[in-house]
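Student: Sequence:
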Amino acid sequence: MATCFVIQPFDSGKFDKRFHDIYKPAIEAAGLEAYRVDQDPGVQIPIDSIEKGIRQAAVCLADITADNPNVWYELGFAYAAGKPVVMVCSEERTGKKYPFDIQHRSIIPYLADAPSDFDKLRASLTAKIAAIVKQDAVLEKIAEESPVTPVHGLSPPEVLVLAVIAGDAYLPDQATTVNSAKRAAERAGVTNMGFNLAVRRLLQKKFIRESELFNEHDGEAYAGLAVADLGWGWIDANEAQFVLTRPEKKEGEIPF
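Under my numbering, the first residue of the sequence shown carries the number 1, and numbering increases by one thereafter.
The set of hints was computed from the structure by calculation and includes no laboratory data. Any given hint could be a false lead.
Said to hold, decoys possible - In silico BS3-like cross-links for lysine-lysine, where the CA-CA straight-line distance does not exceed 30 Å:
1) LYS205 / LYS96
2) LYS24 / LYS52
3) LYS128 / LYS97
4) LYS97 / LYS206
5) LYS120 / LYS96
6) LYS52 / LYS83
7) LYS134 / LYS205
8) LYS96 / LYS128
9) LYS182 / LYS134
10) LYS52 / LYS128
11) LYS97 / LYS14
12) LYS17 / LYS97
13) LYS83 / LYS17
14) LYS83 / LYS24
15) LYS83 / LYS182
16) LYS24 / LYS14
17) LYS97 / LYS205
18) LYS182 / LYS205
19) LYS96 / LYS134
20) LYS182 / LYS206
21) LYS206 / LYS96
22) LYS52 / LYS205
23) LYS128 / LYS182
Modelling step: build the complete structure from the supplied sequences, incorporating the hints.
Tutor: The structure is reproduced here in structure tokens:
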């Protein structure tokens, strides 16, 4: 089974309880196995197992509430390895700004006052992780089937980038962060230059538009991208280029 590598402090206290009560159930509900290196009896050299676990994970989950050096190292390694990362942060981090390198990334804030707060966090995590797994599967399928020649005016990288931005939009006007779109496109095989050119051309064609998003923690603005009306029109007219449903699972088959 594919894994979700969990990055958080090991404290024999509140963070360990959150792993067992919130993170592990949320990850399993999304169809992945929750992996924390300290709970693997086969680990002999922790740092090697940490790096291997991150490389092999389908997704990483990081709780950045505490300024823990191990958490920051593992988070940086996960991003360097090109892994999709879901970050969460408790309101217990009062008055502390996020480090510069993650200020403009998507972070799920959560309260820690009542059981209902943790129920909400658990549901949000399951939805987010499941969406990432689904998006990666869809983009892989598009990349495999994408022709070398342009499709109705769009190059293969443009189709992939448009699919990434549209896939994050639960509502027509909803935007996604530039960083999130870029990393998803990279996982589908689009290079940094390919992404930049695709975004530029999609903007020129008015298939996508720039959007301003705001960090819920400190209200700071950062750049986002959203599909414009022309882009949605192209998607509607070229629906066959996109994977809209999953094939039915055979009995006993792992779902990805």
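Student: Taking the hints in turn, state whether each one holds.
Tutor: Hint check:
With a C-alpha separation of about 41 Å, the suggested pairing of LYS205 with LYS96 is violated against the 30 Å cut-off. Between LYS24 and LYS52, the direct Cα distance comes to roughly 20 Å. Compliance with the 30 Å bound is thereby established for this hinted pair. Taking the CA atoms of LYS128 and LYS97, the gap is near 23 Å; set against the 30 Å cutoff, the hint holds. For a cut-off of 30 Å, the pair hint linking LYS97 to LYS206 is broken: about 35 Å separates their Cα positions.
Among the hinted pairs, LYS120 with LYS96 is consistent with the structure: their alpha-carbon atoms are about 23 Å apart, no more than 30 Å. Taking the CA atoms of LYS52 and LYS83, the gap is near 12 Å; set against the 30 Å cutoff, the hint holds. For the suggested pair LYS134 and LYS205, the alpha carbons sit about 28 Å apart, so the restraint of at most 30 Å is met. Pair hint LYS96 plus LYS128 holds up; C-alpha atoms about 25 Å apart against a cutoff of 30 Å.
Annotation: proposed proximity of LYS182 to LYS134 holds, straight-line Cα distance about 17 Å (limit 30 Å). Straight-line distance between C-alpha atoms of LYS52 and LYS128 comes to about 23 Å, which keeps the hinted pair within the 30 Å bound. As the CA atoms of LYS97 and LYS14 are separated by approximately 22 Å, the hinted pair is consistent with the 30 Å bound. Straight-line distance between C-alpha atoms of LYS17 and LYS97 comes to about 25 Å, which keeps the hinted pair within the 30 Å bound.
Of the supplied pair hints, the one linking LYS83 and LYS17 holds, its CA atoms being roughly 25 Å apart against a limit of 30 Å. For the suggested pair LYS83 and LYS24, the alpha carbons sit about 19 Å apart, so the restraint of at most 30 Å is met. A distance of roughly 12 Å separates the Cα atoms of LYS83 and LYS182; the hinted pair therefore holds under the 30 Å criterion. For the hint pairing LYS24 with LYS14, the CA-to-CA distance comes to about 14 Å; that is within 30 Å, so the pair holds.
Distance check on the hinted pair: LYS97 and LYS205 sit about 37 Å apart at the alpha-carbon level, beyond 30 Å; violated. The hinted pair formed by LYS182 and LYS205 meets the criterion: a straight-line CA distance of about 19 Å does not exceed 30 Å. With a C-alpha separation of about 33 Å, the suggested pairing of LYS96 with LYS134 is violated against the 30 Å cut-off. Proposed proximity of LYS182 and LYS206 is supported: the alpha carbons are some 19 Å apart, at most 30 Å.
For a cut-off of 30 Å, the pair hint linking LYS206 to LYS96 is broken: about 38 Å separates their Cα positions. About 42 Å separates the Cα atoms of LYS52 and LYS205, which puts this hinted pair outside 30 Å; it is violated. A hinted pair counts as satisfied when its Cα atoms are at most 30 Å apart, and LYS128 with LYS182 qualifies at roughly 17 Å.
Checked against the numbered hints above, the structure violates hints 1, 4, 17, 19, 21, 22; every other hint is satisfied.
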